[in-house]
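S.K.: Go by the hints and put chain B onto chain A.
Protein chains: 2
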Amino acid sequence: MIRRLARYLPILDWGRRYDRGALTCDLMAAVIVTIMLIPQSLAYALLAGLPPEAGIYASIMPIILYAIFGTSRALAVGPVAVVSLMTAAAIGQVAEAGSMGYAAAALSLALMSGVMLVALGLLRLGFLANFLSHPVIAGFITASGVMIAASQLKHILGVPAGGHTLIEMLDSLGAHITDAHLPTLVIGVLSTAFLFWVRKGLKPFLLGLGLAPRAADILTKTGPVVAVAITTLAVWALGLDLAGVAIVGAVPQGLPPLTIPDFTPSLLSTLALPAALLSIIGFVESVSVAQTLAAKKRQRIDPDQELIGLGAANIGAAFTGGYPVTGGFARSVVNFDAGAETPAAGAFTAIGLMIAAVALTPLVYFLPKATLAATIVVAVLSLVDFSILRRAWAYNRADFAAVLATILLTLGLGVEIGVSAGVVLSIALHLLKNSRPHVAEVGLVPNSQHFRNILRHKVLTDPTLLTLRVDESLFFANARFLENLIQDRVAADCPLRHVVLMCSAVNEIDFSALESLEAINERLKSLDIGFHLSEVKGPVMDRLQRSHFLETLNGRVFLSQYDAWVALTDGAEKSCAAE
Amino acid sequence: MIRRLARYLPILDWGRRYDRGALTCDLMAAVIVTIMLIPQSLAYALLAGLPPEAGIYASIMPIILYAIFGTSRALAVGPVAVVSLMTAAAIGQVAEAGSMGYAAAALSLALMSGVMLVALGLLRLGFLANFLSHPVIAGFITASGVMIAASQLKHILGVPAGGHTLIEMLDSLGAHITDAHLPTLVIGVLSTAFLFWVRKGLKPFLLGLGLAPRAADILTKTGPVVAVAITTLAVWALGLDLAGVAIVGAVPQGLPPLTIPDFTPSLLSTLALPAALLSIIGFVESVSVAQTLAAKKRQRIDPDQELIGLGAANIGAAFTGGYPVTGGFARSVVNFDAGAETPAAGAFTAIGLMIAAVALTPLVYFLPKATLAATIVVAVLSLVDFSILRRAWAYNRADFAAVLATILLTLGLGVEIGVSAGVVLSIALHLLKNSRPHVAEVGLVPNSQHFRNILRHKVLTDPTLLTLRVDESLFFANARFLENLIQDRVAADCPLRHVVLMCSAVNEIDFSALESLEAINERLKSLDIGFHLSEVKGPVMDRLQRSHFLETLNGRVFLSQYDAWVALTDGAEKSCAAE
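Protein chains in written order, with my numbering: chain A, 1 to 579; chain B, 1 to 579.
With the rest of the complex left out, here is chain A (with noise of 0.2 Å):
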């Protein structure tokens, strides 16, 4: 019973196991992360739009419900940069920045985002997200880098800009380049330069002070809290938001609310899409992560699982005015450093937190949003990757097509039509080149029982006998192209009296693909040339035994190819075919 329940709550597993070692590991981890989140938190929250209070509110009960029903022992879920910009890109379309109607949108995009996770992982359907090609995140993920800099560059410059796409805040940026507010200009460059030294250059110097390389790795996660801290003192020791500096200003005191989402049906529909590309891009962000952790400790990650718990942290997040939040990179890795044992460490991390949306919000009242963006903009340049592209290049153009229309389209026209038109260029690529599969014209190898491609090896042939080896299943997209290769071959004048079709790398026969063969078979009756096959293996043959096609068959089916040459040569070794 507490097995089978265990499958979907797999705190029943780890909890009955939890002992003083572990809790230490856990305490000590979440302690770290807390800091680290802090400013995080309230970063992604100006990110997505929203006020701060809403990205700390975001990491709460979403890393409670996690912990609860996430299989991974070091996955720290909250707010993360790229599905702050998609949750920016979504309600932007529905509501006004600011107004009550976006906070309430993007609980409404939680709570349809975490339904669908769920509904997803009940029917163990995570296996669709595999249709998300390596190459197309790749190329989204660095395409959303780049956005998510350039939106924050407003804040750097301290002026009003918007826009959705690349084009759109360039243009905007550079309409107001002239009014840039010279000290949140000097805080936020200030800040951008300290952040990236710290990620740079503070590891070798702390290594070079005799610190070890984990706590190296953990203090250089620190920056922003100093960033934070120092310019916030800068702001209340100056008195710079009297003259013009943005801050933070008043965030509510005390733990999350209770909210109710907006579920006006309109409003739902609108976001319907969103939210699934949302939260497709979430979870594939988030498995990858926990999958990396967790083969450091030889832990399993359960994928279909995964979907329900990260659907329980989106529908926690929406009913805690929170937004939708996923699996981070950098929380989990900072969490798995500094020791977590289990996802206790999470739930830790959320008492700390709670602590400081009731205690410590005052402390950032001061606080400059160009810190803010300083973080966002050093974050997130670390996911800036373009070298996906001379990579997929090298490798192979239809991946470096899929790659590159990801990157303009995202850039040009938002992250919505450039995510899908990844799925469907990936998709569609991937049929293209399985519908011309490689079909070799192959030989004997003299003194063997080997054949090899005709035009590759010096082989023996014979006139009569006409052999092809078909590198790829027979399906819907390729089973004509045979037909009119079988056809086209035998329309040639060779004194042909046997076709025979080398299986040995066909997976599966398709219906399409079976009658296409007893399409070849009937011409080649007519022809009265025999029509026969060779290697085929043995599910597929089962399948063939299915149908008709081998009663009709007007040749044999033999076990190799070498019995075929026997079978149906006279010894004769002329080449013909190979012209």
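The reader is advised that the hints may include incorrect statements.
In this list, chains with the same sequence are indistinguishable; a pair is considered to hold if it fits within one copy or across any two.
To be verified - Pairs of lysine to aspartate or glutamate residues, derived as EDC-like cross-links and limited to a Cα-Cα distance of at most 20 Å, are as follows:
| no. | residue 1 | residue 2 |
| --- | --- | --- |
| 1 | K296 | D488 |
| 2 | K433 | D304 |
| 3 | K296 | D528 |
| 4 | K458 | E441 |
| 5 | K433 | D542 |
| 6 | K297 | E518 |
| 7 | K203 | D337 |
| 8 | K297 | E522 |
| 9 | K297 | D528 |
| 10 | K296 | E522 |
Derived from the structure by calculation, the hints contain no laboratory data.
Given the structure is predicted, the values throughout are model-derived calculations rather than measurements.
M.R.: Chain B alone, transformed into the frame defined by chain A:
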């Protein structure tokens, strides 16, 4: 020069070799086809909701243009049943049947279809038609046959009924059934019965009289002409038109007029999708007829040039008062059986139809529409073949689902939704199958160098070595599946030291799969487990060598799986992974 031009103008090829023998054969075939085409053309125009002369016109210019540009020697182009139905469905959305706008929209549809076909041909994209899987086409044709037969019942009953889906049609017929017009019903039922007898009973009867089989075949095709002649005479003699029997009435006498399609942008954009679907369905049907006939004489069909030929035919139809056309099965077979040697037979048929259009149209004034409806019903019922459901079910559940959905949606929601759903479903099911490939754990067959599935055969395994054979190409939709599978196997507490991926059935590794292999390699490396490949195919290996994968591989690439076994095991032969 001529050779290059001959690729786009096949007439240059056969025209230069034309002689008196071919001329005699072609003239003979043309006479027979012309006689058969007159009632058929009138009937299909009726089905498309157009005036009867549109059917004749659509058989003249298109047949000449196809003779110039097409590659099939025997294909007869003109109105066909399914395309007529699709025309009626498409134009019914934008204009009232019988109105001026309706005929103009039919011209626009023909023009768009023609331009699309020519464009696909010039871009050599004929393979796109392959994405219609055979069972989807079969299901669609069957459902269309039922729809067409149902749509003609109103003419046989002599009632004004309508509807675009089977349910609407039957509903409307049910509401009018009590108004059935008796003389019309008598003509309709007797014609239908006669035509069924001609189809089933006449040939044995003629063979019994000692006629040659081919002559008997051709004579049975004249059934509709006989039915038309008798019923027309009956209406004229008995004055049945005055009693309320619907007749064809006055048909303009003369050559096809020069017509200009309607170029209204909103009309063209509404008709774009229907035109695309109609083009593809028409092309697929036409090419399969052409290939079947060409195969009998060892002739070749160039599908891309066929697109150009059919496209030219449709553009011709658009400017000469016709409507969308394609290569028809019945007329092509008659043409072939009657001995047509070259496309000139088509040109002679066109001349025959021109004579008919100028001289014979007064003769069909008293032709009852019920007779035409009967010829349609009898013709299309030969298209109806529900056995595709049984055959697909026996062979493969996924194909069955696609057929069933196509049939039900075509009958329930109309031809466009039906065929679109069939295409989408075929692709989705194919990807779904590919996304969960067959992966077998293999072991060594004792006293051999062969490796087989440990679940099916008694084989040797080694507890430190896990060998997986993937029976599918690795690409984005299944890459993560493999990642999860290996992670799950490694997380189990076996004393694993090596994982070997046997790639004998892997025809391709795309960029996503490469990244998955890199991720697997990284994870296994961190666990100190070797990762090896064996039996990698040449083209796959070429591609892997273009990436950095082989440099970082924590293991080796073995030529054969047996080499891997010899190198990686210590000879101990216990079973572990097979539990």
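S.K.: Name the hints, by number, that the structure is in violation of.
M.R.: none
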